[in-house]
Amino acid sequence: MKLLKASRRDSLLRDLRRVLPPDRVRVAPLERSIMGRDASIFEGGQAGPVCFPISTEEVQGCVDAARRHGRAVVPRGAGTGLAGGAVPLEEPVVVVTTKMNRLLSVDADQAVAWVQPGMINLDLSRALAPYGLHFAPDPSSQQVCSLGGNVGTNAGGPHCLALGVTSAHVLAVEVVLMSGEAVVLGDPDGCAPGLDLRGAYVGSEGMLGITTAIAVRLTPNPPAVQTLLLAFDSVDEAAQTVSAVIADGIVPAAIEMMDKNIIWAVENFVGAGFPLDAAAVVIVEVDGLPGGVAAEADRVAELALERGGRVRRAADDHERALIWKGRKSAFGAIAQIKPNYYLHDTVVPRTRLAEVMSRVYEIVEEHDLQVMNVFHAGDGNLHPLLLYDRREPGTLERVHAAGSAIIEASLAVGGVLSGEHGIGIEKRDFMPLMFSEADLDAQARLRRAFDPDEMANPGKVLPTGASCADVNTLGKIPEGVWG
Amino acid sequence: MNAKASLGIDPEELASCVACGLCLPHCPTFRVTGEEWASPRGRISAMRQIQDQGAAIDQAFLSSMDSCVQCRGCEPACPSGVPFGSMMEATQAALARERRIDWRRWGFRVLGYRRLLNLLSRVLAVVQRLRLVPSKRLGLPKIPLRQDRLRASGDDVWLFTGCVMDAWQRSTHAAVKRVVESAGVGVALPGSGAACCGALSLHAGLEDHARALAARTMGALAGSAPILVDSSGCGAVLKEYGMLVGTAEAEEFSERVMDVHEWLATRLDMLPPAGEQDQEATVAVHDPCHLRHVQRAHQSVAEVLARYATAVALDDDGLCCGAGGAYAAMQPELAASIRERKLEAIGRSGADIVASANPGCTIHLANAGVTVLHPLEIVDEMLGEILDQAADDDR
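Sequences listed follow chains A and B, in order. Note that our numbering has the first sequence beginning at 877, numbered continuously upward. Note that our numbering has the second sequence beginning at 971, numbered continuously upward.
So that you can see chain B by itself, here it is in the shape it has in the complex:
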């Protein structure tokens, strides 16, 4: 491997860390290990050793990089605005070019093929029921055997449905769609063209694959309608297509993307009012990293939820839960230790239900026995009760 500039990180970005260490407590892997090479500052130092000083890529370097959840909690913590996520993506891409990434990550290619993914999911669901796979250890949810088809109801907004979430948690999409429709809006669905946003591939360093998925997704979500996203990991990368693809068209596309809560928070008066039983339920709001640290739109979840329930913030400064897309499957031990801290914060909140706007977090936390719902599943349930109540009153 070419020693100089081998990681392809922008030299200005790489030089921009003053090593103050203010990121350390915001890094989940530093928090649970206390080890510098599992911290953003240590990882940047490691990247500099390779790129600036020509050190060889060895096992220690690979573990330092692969142990990163890519939660980007270090970014809002950094007073100098060091773009850690982009440096880590460049590093992962360099490692992928050198074929130095975990072989399992090549499996992300399946995500672009909806029929294949659905077929494999169906098989997995059967195998799960025969108890032939250790689901929890693999970080898998209980995959449904059958799912109802979603049907478009108009063309005011797009609802991005994605890959794994559509294959495993389509009922969440259905609930989100009902809530959006209750605001008097017709929802369009992209179909199999927008099969996957490419986030997992991008984080694994498979940049070309991510770009190919981005191109397909942009094609399938044409026009000028807002693109609503109910998975914050997908939303974050859709908002960064401008950077990933690098065209004016991609920039325009990204500007249309909104987290569904962000969209609803400015239209609360269009939603039905809360019923009498309002705010009985206490819900702890888990901030998914890519909603809080990347999209920086996490406040909108509490704003929407607060209309129908008592929303409690967790007291852990938005530290990651350890799910990290495929991270929980790739690094099960670290992911579990990181989750321990989150479970403690959930315990301190006193809430029985946790709301998570990201499917990965939902699966990871549910595997530890927590009751986790998408925030709009909770709203959907409340709206259902309110409408039933109204119907009863009419009678």
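Bound-form chain A, shown alone:
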């Protein structure tokens, strides 16, 4: 039996190596096990052959070979996903797009660029600097995450408050379907007829196909920017200031909040002058024409002062960059305190922010855990990080219990399960809390319209039994995946 399985694997390998040179199909146990995880909590995924194609045709070849051998396919970019979307289950063929990292074309007049999926988000904006343009979605991981991954999770970022998340900046995608066919969804001119299949595809977490090229909408760099660092003695005052700014009719480019422990950890790393005595800081960035920027910045400062805040304005680009570096390093700085974290991503109505925040602190205390909050306050997208050390027995159970309670508390006030990180494996089993059976069935049918045999990234997003046909064989998350 074991021999039979091995020989089947070898013929798959042979077929993959007909498509790609041997050094771009990796099968050594260590090489596969390293691919067993991304930046999420999961550590025990099992990858099959790991492929590094460099063209659409090669991706098609990998998909064809996998299909002939009845093997699922999991696409992977830089592996910075936070919900386990790229974690392979049951030895699928893993298609890594990092070597497809070129900027294919730029049309500065139309503000459109075609890019390959493995291009790093920040590399794109840097390459666009001579045109005075950038790609607006800026996830905290933007210096490393791939644009294909951004499309997969419909990624957000601090500057998505005013400009919208990835879907608003993707005009078209070239996709290799599980049939092996390459199709273009959407239109780079922004006038695709018929149903918006591009819209269905962005955020589908690799379950509809593999992205092989993306037409992105480019955003002009703002003529003026001001960044304010507001410090508060309580999280409540900080949350109220956020609500007040929004209620005042200002739509800042970004509003981000960090609480005490995370301020300490990031300040320790960047030395940006974050106030260590504050219970919370709020970073507000306003941009646009110089006159408007100055007026809005003054108004934000006024609203903060009225609520007991202290106000610091970034004096120059260097200070501004340091403040953002601090904000964007937050998750990675956690190991200064604990080696592991479980991160949630719920979104709550902005008017209920203060209330949900205090509930989060209560829940964490009830479960005897530590929490850090760093999040997109402007759109109510929470990121509570539950800290733990997986080597301490029994902690993971408490972490899970607290996580469920946070999700329930968020949904209870009319919130949603995930703002931008995706569902992946991690939030999969919470989907029924949010969606009815009919909702889930509709999603499963949409997925099967693209991928009838459910070979693209199986076991993610949709819980078992989500579909009436129930062909999902990956009912339970395999042993060991939760680490």
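Keep in mind that the hints are not guaranteed to be accurate.
Claimed, not checked - With a straight-line cut-off of 20 Å between C-alpha atoms, the simulated SDA-like cross-links for lysine to any residue are:
#, chain 1, residue 1, chain 2, residue 2
1, A, Lys975, B, Glu1314
2, A, Lys1201, A, Arg1183
3, A, Lys1201, B, Asp1285
4, A, Lys975, B, Lys1112
5, A, Lys975, B, Ala1306
6, A, Lys975, A, Arg894
7, A, Lys975, A, Thr1095
8, A, Lys1201, B, Gly1288
9, A, Lys1201, B, Arg1067
10, A, Lys975, B, Thr1003
11, A, Lys1136, A, Glu1241
12, B, Lys1106, B, Ser1307
13, B, Lys1112, B, Leu1343
14, A, Lys975, B, Glu1303
15, A, Lys1136, A, Lys975
16, A, Lys1201, B, Ala1306
17, A, Lys1201, A, Ala1120
18, B, Lys1112, B, Val1093
19, A, Lys975, B, Arg1311
20, A, Lys1201, B, Arg1266
Said to hold, decoys possible - Output of the computed footprint for chain A on chain B, the stretches with three or more beta carbons under 8 Å from beta carbons of chain A:
#, stretch
21, 1074–1085
22, 1142–1150
23, 1218–1226
24, 1288–1296
Calculated directly from the structure, the hints in this document are not laboratory data. The structure displayed is predicted, hence computed values, not measured ones. All residues carry an ideal CB built from backbone N, CA and C; glycine is no exception.
Once you have looked at the hints, place chain B on chain A.
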């Protein structure tokens, strides 16, 4: 091999990576391959498989470790401060104990014997001139047939001269010495006692050899005078003797060590002023990894250079050039792909001359046809012109 704890990495260090991936773009081998096992996160994951999960050390593990340049660009990029360099050194030491390192690395033992090294260098220089060795492919510079002896000029500061740099690039030491002297300071030389700092041995996992070299070096650079270093790879390890040797004496020694630019940057007013022809030359400043990521003193090079030339920073976030001590010779293909990115950044800078404060980088970049000088060679040349100018004016 004993399966558990076989790599001897501190378990707390090994646990301290949250796998966020922010190090990936700062890793030269990930940048050119896009492959996880050639990234710091992937390498830590591999170390965990061996040490925590008892996996066997196989070829895939060895390639993942040996492909690391040990530039430590991942360290300043890590928000949690994961000490990757120390984990990699522990791993290399474990591999050396198991005799699983590249056999060529045992050759580093020669570096501790100055006369032998000089003799071999002389032979190599002759063989090179007979065109019997493919120098560029081996990552070698043009080795001089003869070198002038350096002579001490006082005892205010030590100038550490090292091994390969002294054997192959002594003229750089001479220029550095003249610049330091122009600040009105007498320079002492350690002689053959401080034959080698031990960096190459340490990075190859030959810890005992590195410690033995450290002990000799500390003995040869006695007293309390500052120890100036003009090779950033050597400077980085001399500053880490405290950790390597683990004694109070070593800690004190390390505190005396300064990169020569770091020392000069706080004494700029002691150097002669720039002449009329100042800042005509545009120089791209290449930040050697061990100056930028380990010593974190790279700003001082631009500060010193800016007094005499227009110094331009490269726009690649200090990504490694691929030289990595002996790396360019051990992993020529990866080293060359990494260098390609650096050459592109140099091209974008528009400068004709590149300044590099590390001999390895200088050799590696020069082999690709770039004009590379030590920053103080440029300053030395400017000072020479300024002094000539002053002499002319007097006449």
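Against the structure, the hints come out as follows:
For the hint linking Lys975/A to Glu1314/B, the alpha-carbon distance of about 18 Å falls within 20 Å, and the restraint holds. Of the pairs offered as hints, the one joining Lys1201/A and Arg1183/A is violated, with about 27 Å between alpha carbons and a cut-off of 20 Å exceeded. Between Lys1201/A and Asp1285/B, the direct Cα distance comes to roughly 17 Å. Compliance with the 20 Å bound is thereby established for this hinted pair. For the hint pairing Lys975/A with Lys1112/B, the CA-to-CA distance comes to about 36 Å; that exceeds 20 Å, so the pair is violated.
About 17 Å separates the Cα atoms of Lys975/A and Ala1306/B, which keeps this hinted pair within 20 Å; it holds. This hinted pair checks out: Lys975/A and Arg894/A have alpha carbons roughly 18 Å apart, not beyond 20 Å. For the given pair, Lys975/A sits about 26 Å from Thr1095/A by alpha-carbon distance, which is inconsistent with the 20 Å threshold. In summary, the hint linking Lys1201/A to Gly1288/B is supported, as the alpha carbons are separated by about 17 Å, within the 20 Å threshold.
Straight-line distance between C-alpha atoms of Lys1201/A and Arg1067/B comes to about 41 Å, which puts the hinted pair past the 20 Å bound. For the proposed pair Lys975/A and Thr1003/B, the alpha carbon gap of about 7 Å is at most 20 Å, so the pair holds. The hinted pair formed by Lys1136/A and Glu1241/A meets the criterion: a straight-line CA distance of about 16 Å does not exceed 20 Å. Distance hint between Lys1106/B and Ser1307/B is fulfilled; the C-alpha atoms sit about 15 Å from each other, no more than 20 Å.
This hinted pair checks out: Lys1112/B and Leu1343/B have alpha carbons roughly 14 Å apart, not beyond 20 Å. At most 20 Å may separate the alpha-carbon atoms for a hinted pair to count; Lys975/A and Glu1303/B meet this at roughly 17 Å. In summary, the hint linking Lys1136/A to Lys975/A is not supported, as the alpha carbons are separated by about 40 Å, beyond the 20 Å threshold. A C-alpha spacing of about 31 Å is found between Lys1201/A and Ala1306/B, which places the hinted pair above 20 Å, so the restraint is violated.
For a cut-off of 20 Å, the pair hint linking Lys1201/A to Ala1120/A is broken: about 26 Å separates their Cα positions. The straight-line distance between the Cα atoms of Lys1112/B and Val1093/B is roughly 12 Å, inside the 20 Å bound, and the hint therefore holds. With a C-alpha separation of about 15 Å, the suggested pairing of Lys975/A with Arg1311/B holds against the 20 Å cut-off. As the CA atoms of Lys1201/A and Arg1266/B are separated by approximately 18 Å, the hinted pair is consistent with the 20 Å bound.
A stretch counts as covered by a chain when three or more of its residues have a beta carbon under 8 Å from one of that chain; for the stretch 1074–1085 of chain B and chain A the count is 0, and the coverage is violated. Against chain A, the stretch 1142–1150 of chain B contributes 0 residues with a C-beta closer than 8 Å to a partner C-beta. That does not satisfy the three-residue criterion, and the hint is violated. With 0 residues having a beta carbon nearer than 8 Å to a beta carbon of chain A, the stretch 1218–1226 of chain B misses the requirement of three or more and the stated coverage is violated. Counting residues of the stretch 1288–1296 of chain B whose CB lies closer than 8 Å to any CB of chain A gives 0, so the stated coverage by that chain is violated, three being the minimum.
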